[in-house]
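Take the sequences, apply the hints, and build the full model.
There are 2 protein chains.
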Amino acid sequence: MTQGLFIIYTGHGKGKTCAAFGQALRAAGQGLRVCIIQFVKSRACGELTALEQLSGSTGSVEIHQVGSGFSWRDKEMTRFKESALAGWQLARDKIGSGDCDLVILDEFTYLLHFHILSPGDVLPVFTQRPEKMHLLVTGRDPGEELLDAADLVTEMREIRHPFKKGVAAQKGIEW
Amino acid sequence: MTQGLFIIYTGHGKGKTCAAFGQALRAAGQGLRVCIIQFVKSRACGELTALEQLSGSTGSVEIHQVGSGFSWRDKEMTRFKESALAGWQLARDKIGSGDCDLVILDEFTYLLHFHILSPGDVLPVFTQRPEKMHLLVTGRDPGEELLDAADLVTEMREIRHPFKKGVAAQKGIEW
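In order, the protein sequences belong to chains Y and D. One point on numbering: in my numbering, the residue at position 161 of the first sequence is 192, and numbering is uninterrupted. One point on numbering: in my numbering, the residue at position 69 of the second sequence is 100, and numbering is uninterrupted.
Some hints could be false.
Any copy will do: because identical chains look the same in the list, a pair fits if it lies in one copy or spans two.
Mimicking DSSO-like on lysine-lysine, the simulated pairs with C-alpha atoms at most 30 Å apart in a straight line are [unchecked claim]: (1) Lys196 - Lys163; (2) Lys196 - Lys112; (3) Lys195 - Lys163; (4) Lys125 - Lys196; (5) Lys125 - Lys112; (6) Lys202 - Lys163.
If you're looking for bench data, these hints aren't it; they were derived computationally from the structure. Quick caveat, the model's predicted, so the values are computed rather than measured.
In structure tokens, the structure reads:
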């Protein structure tokens with residue numbers, strides 16, 4: 032029995048986005064068509080530069096960065112909401128089209144935290160996707176309703192993090 | 032303050048190897064030289080096919096699969112030990128040479144579980160590596176001594192897994 036899986040990588044530890052991109056790499060290497068929509072990160076990450084070079088015999092990877100970053104300051108929050116909703120529209124189109132085998136919504140759960148979307152908005156779209164399509168959502172605290180709907184959930188639990196020892200974020204490791 | 036980090040991705044949940052390959056992708060995209068040694072997996076994974084296509088402006092990724100698979104049957108266990116020890120020699124050479132910016136030892140902790148190596152064998156090599164070199168180890172139950180020596184530890188905790196519902200491993204998702 033095989034089926035399209037709804038996967039959630041959550042938790043407060045490091046590794047969610049890395050695992051999502053590793054999953055994209057694995058899927059593309061097996062000839063799958065992958066679409067990644069990043070809802071928060073918007074700077075040039077190493078994984079983007081690298082993935083853009085994939086071509087040829089592997090499947091395809093398309094990446095959309097819709098996150099304009101976010102801030103508690105009012106103006107930026109308005110901009111974040113707008114870009115998030117545009118990203119959600121793109122996600123709905125990609126999921127509905129059936130043109131991808133794996134859709135990755137990176138840092139998507141922020142849209143639920145900030146009440147830009149509700150579980151009632153997103154779950155019908157997720158559960159009524161094409162039968163063979165895999166869906167991977169990352170982000171902290173997705174909430175019970177999303178967790179209940181998922182087929183596979185891994186919590187990336189922080190055991191130790193170097194920021195707490197005063198080590199700065201480093202190129203190639205954190206971005 | 033920046034420094035070479037010793038990172039462990041552990042836990043019984045899915046995502047450790049994906050996160051390691053995502054990390055390799057990120058690092059390579061930032062121009063770092065990455066060396067991956069896989070101690071257990073030996074079949075053609077999608078991520079390998081994909082990573083092999085990376086070239087050009089990104090850093091380099093070299094991948095060595097030293098694991099011949101393993102089994103509780105005596106003969107295979109002997110072969111696994113031999114290949115594991117050869118892999119460890121390769122890891123020591125790579126770490127000692129300083130030719131890489133990130134060394135990834137995927138599923139390395141099995142060598143400790145099966146008492147092929149002890150923490151006393153590996154920790155001096157890990158802690159005396161070149162100062163700027165990042166080291167990433169994946170695998171279940173690394174043990175207290177490795178955990179204590181690490182700068183960053185994430186536990187991939189299994190919350191839900193589709194195998195338990197009878198869904199088979201799928202190309203592009205599990206390999």
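Structure-based check of all given hints:
no.: 1; hint: Lys196 - Lys163; verdict: between (44 Å within a copy, 17 Å between copies)
no.: 2; hint: Lys196 - Lys112; verdict: neither (34 Å within a copy, 37 Å between copies)
no.: 3; hint: Lys195 - Lys163; verdict: between (42 Å within a copy, 19 Å between copies)
no.: 4; hint: Lys125 - Lys196; verdict: between (41 Å within a copy, 27 Å between copies)
no.: 5; hint: Lys125 - Lys112; verdict: within (20 Å within a copy, 47 Å between copies)
no.: 6; hint: Lys202 - Lys163; verdict: between (36 Å within a copy, 12 Å between copies)
When each numbered hint is compared with the structure, a violation occurs for hint 2 only.
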